[in-house]
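The listed protein sequences derive, respectively, from chains A and B. Numbering of the first sequence is given in this note's numbering, commencing with residue 1 and proceeding in unit increments. Numbering of the second sequence is given in this note's numbering, commencing with residue 1 and proceeding in unit increments.
Watch out, some of these pointers could steer you wrong.
Derived DSSO-like pairs (lysine-lysine); straight-line CA-CA distance at most 27 angstroms [to be verified]:
| no. | chain 1 | residue 1 | chain 2 | residue 2 |
| --- | --- | --- | --- | --- |
| 1 | B | K487 | B | K521 |
| 2 | B | K229 | A | K59 |
| 3 | B | K539 | A | K176 |
| 4 | A | K118 | B | K350 |
Ranges between beta-carbon positions, derived for each pair [stated by the list, open to error]:
| no. | chain 1 | residue 1 | chain 2 | residue 2 | range |
| --- | --- | --- | --- | --- | --- |
| 5 | A | Q115 | B | N286 | 47 to 57 angstroms |
| 6 | B | Q397 | A | K3 | 38 to 48 angstroms |
| 7 | B | N259 | A | Q115 | 35 to 45 angstroms |
| 8 | B | A304 | A | Q115 | 56 to 66 angstroms |
| 9 | B | K4 | A | L120 | 32 to 42 angstroms |
| 10 | B | I324 | A | K122 | 30 to 40 angstroms |
| 11 | B | E45 | A | K59 | 32 to 42 angstroms |
| 12 | A | Y101 | B | I381 | 35 to 45 angstroms |
| 13 | A | L120 | B | N542 | 32 to 42 angstroms |
| 14 | B | N259 | A | K122 | 30 to 40 angstroms |
| 15 | B | R342 | A | K155 | 36 to 46 angstroms |
| 16 | A | E111 | B | K516 | 40 to 50 angstroms |
Hints in this document: simulated from the structure, not taken from any laboratory. The beta-carbon is built from N, C-alpha and C at its ideal position, and this holds for glycine as well.
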Amino acid sequence: MVKNSFNIIIAGVGGQGLITLTQILAEAALSEGYDVKTSELHGLSQRGGSVETHIRFGKKIYSPLIDGKKADLVISLETQEGARKIPLSHSKTIFAVNNDYVLYRGGFSREKIEQKIKSLLKKRLYLIPASEICKKELQNGVVSGVYLLGYCIFKKIIPLKANSILKAIKKIVPIKYLELNKKAFNLVNRN
Amino acid sequence: MIKKILLGNEAIVQGALEAGVNFVSAYPGTPSSEIGNVFSKIAKENGVYFEFSTNEKVALEAAIGASFSGLKSLVAMKSFGVNVCLDSLIPLLYTGVVGPMVIIVADDPSCWSSAQSEENSRAFAYLAHIPILEPADPQEAKDFTKFAFKLSEKFKLPVIVKTTTRVAHQRMPVVIDPKVNTGTQKTGEFIKNPHQFVTMPPRVLEMKKELLEKIEKIRDFAEKSPLNKVSGVRNTAKVGIITSGVSYLHTLEALKELNLHIPVLKLGFFYPLPKKIIQPFIKKLNRVLVVEELEGYLEKEITALAKDINPKLQIFGKNLLSPIGELNANKITFALAKILGRKYQIPEVKEIIPKRYPNPCLGCPHLLTFSILKKLTSKNIIFGGDIGCYMLAGMPQFNLQDYLFSMGSSVGIGHGIMKATKKQKVIALMGDSTFFHAGISALINTVFNKSSPLIIVLDNRTTAMTGHQTNPGIGKTGMGEDTAILKPEEIAVACGVKNIKVIDPVNIKEYESTIKEFLNKKEVSLIVARRICALLIKKQKNG
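All chains, please: the whole structure from these sequences, using the hints.
As structure tokens, then:
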């Protein structure tokens, strides 16, 4: 049970499905009786640029924004975007980062960023080849975010129940993609 | 009543439905766009008429017509939309409404999704004498919208509900009434009443008098309204906070951070300002912090009120909280700590990863245009930017934007540059929706005044930037009905443009040679670069 609030920043590159993950988490938190607030951005800034959403749940949540290095968890769908959030974290913030790499002009090389994020976060980092696993097991890398979510739930990084997330997935994800998303979520458990 | 997680904009739609809205018009603009998107999907089944209008002025005027015919109407736009519709908004306050009307205006402090300026739409209250309510979260967005309809009905004036990005794009569980289905579309009737609807002098000055009297009546009403509320307890330090909108939520976080229990007055009404609520609140204080985003309008009002009621009151606001950028709990904590002589430092955040700028999507047809224009770069070719995804031409990787202003301005300003410089040539970029919104009058001006910019209409068959809304070039209305397809090239012919070509930008050679040919023309020329938005293709495929 979360006493005060649990604060999650989801990071990635525009178009990686951050908003869906945010909605799933919000629904799951509400179904467990928490107050919940989220914040997201829409529009041109989201086209291929760095993006982030905030989710906060707990007994009573006021602001939808996480500021002042108060994130308990950073979920990132890409390594450089994960590393970008390090200055927003405190000494106990956990990072669950998809070991996926989206190139851009002026960014780090794949090897360098992997090295950097590992050396800066050490034991606070879970670097997970989510896209790779999803492509191999489900022939679809798009659901890597839901896989990461499964990882955080089953490893008890996020204090919400797997069942609440599954119910939320049913509510949020279009029927056409429901089975795929459920599979991606449960994949961690099976391996 | 049930609880449902809603985005601020979805909550506004819910509030309007609960209020029994009949007529909705909008022009998309982040952060207001989802209001139109949702109505576009659900209007029919809820017995509501919905349209995406060609621009915000027309959207407002459509709603005025509906209101004069007795219907409940809602108009939605972003901050800059008010600039566009202001010419009709101001007289609307003079005539007042028949059916109630609510206007949703979404500001974007920090310009997360806005070029052109960091606009504070609250200023329109003073100019137009229009009541403005400021919700803090989706629950209030719903409740205030519903309340705004009642207020409009009671006092026969339009009411603005002003959100910001952090309200419009905030999600939370909202208490809703699940039974709002209104069934069939309501038909109105325009009952002739020139005394109300015709704003000619000398009547117009009488109307102004009536308006100012109405505003004082609304002020009395606002002073009794639960939309303004005091929380917290009196403290011995006699420090208090006055705030509104989303700043209230950040304030509560800041108080938690400092473990402070001081009185907070949250104003739901920005205009007319409930003076009789503020006066007793500040009377007993030694110090007050006014927490508001952007320019310090409330602070000015409170300073004026304090002169009579508590001249010794120390007022803090914009001296501690910047008028630039949105607020957050950190900034407010800092201001409070400063006032109370406590130590607090805003956590320093140093960027460790180079900035990743937004980029055109994979397969974006604008990229083809950018690649051709890049080759033409010289000091005598001026690239005029406009509002749309093609603003990305201004990103460092392209650097193809020599000026950027408001909707449709690439052509108007380009014309002026060409008249002034005589030998420099302007290539003005403009999207299809922007062309219909504000480009046509500027195009006519180039023909009328014998100017010769090259206009490239980047027609990607949608209003892409704001999330793929329909527009007059698409052949579908906002409710999904078939309608005429207007073509920029045919409009240009009618406007007297002689050099016109429609090109699929994948035909790079033809595109490039046409641009070169048109650059040598002595008259205005227009290319329609027509290819569907790559993201829209993907969306349509995925259903």
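Here's how the hints hold up against the structure:
no., hint, in the structure
1, K487(B) / K521(B), "holds (23 angstroms)"
2, K229(B) / K59(A), "holds (22 angstroms)"
3, K539(B) / K176(A), "holds (14 angstroms)"
4, K118(A) / K350(B), "holds (18 angstroms)"
5, Q115(A) / N286(B): 47 to 57 angstroms, "holds (56 angstroms)"
6, Q397(B) / K3(A): 38 to 48 angstroms, "holds (47 angstroms)"
7, N259(B) / Q115(A): 35 to 45 angstroms, "holds (41 angstroms)"
8, A304(B) / Q115(A): 56 to 66 angstroms, "holds (59 angstroms)"
9, K4(B) / L120(A): 32 to 42 angstroms, "holds (40 angstroms)"
10, I324(B) / K122(A): 30 to 40 angstroms, "holds (37 angstroms)"
11, E45(B) / K59(A): 32 to 42 angstroms, "holds (37 angstroms)"
12, Y101(A) / I381(B): 35 to 45 angstroms, "holds (37 angstroms)"
13, L120(A) / N542(B): 32 to 42 angstroms, "holds (37 angstroms)"
14, N259(B) / K122(A): 30 to 40 angstroms, "holds (33 angstroms)"
15, R342(B) / K155(A): 36 to 46 angstroms, "holds (39 angstroms)"
16, E111(A) / K516(B): 40 to 50 angstroms, "holds (44 angstroms)"
Every hint, counting from the list given before, is met by this structure.
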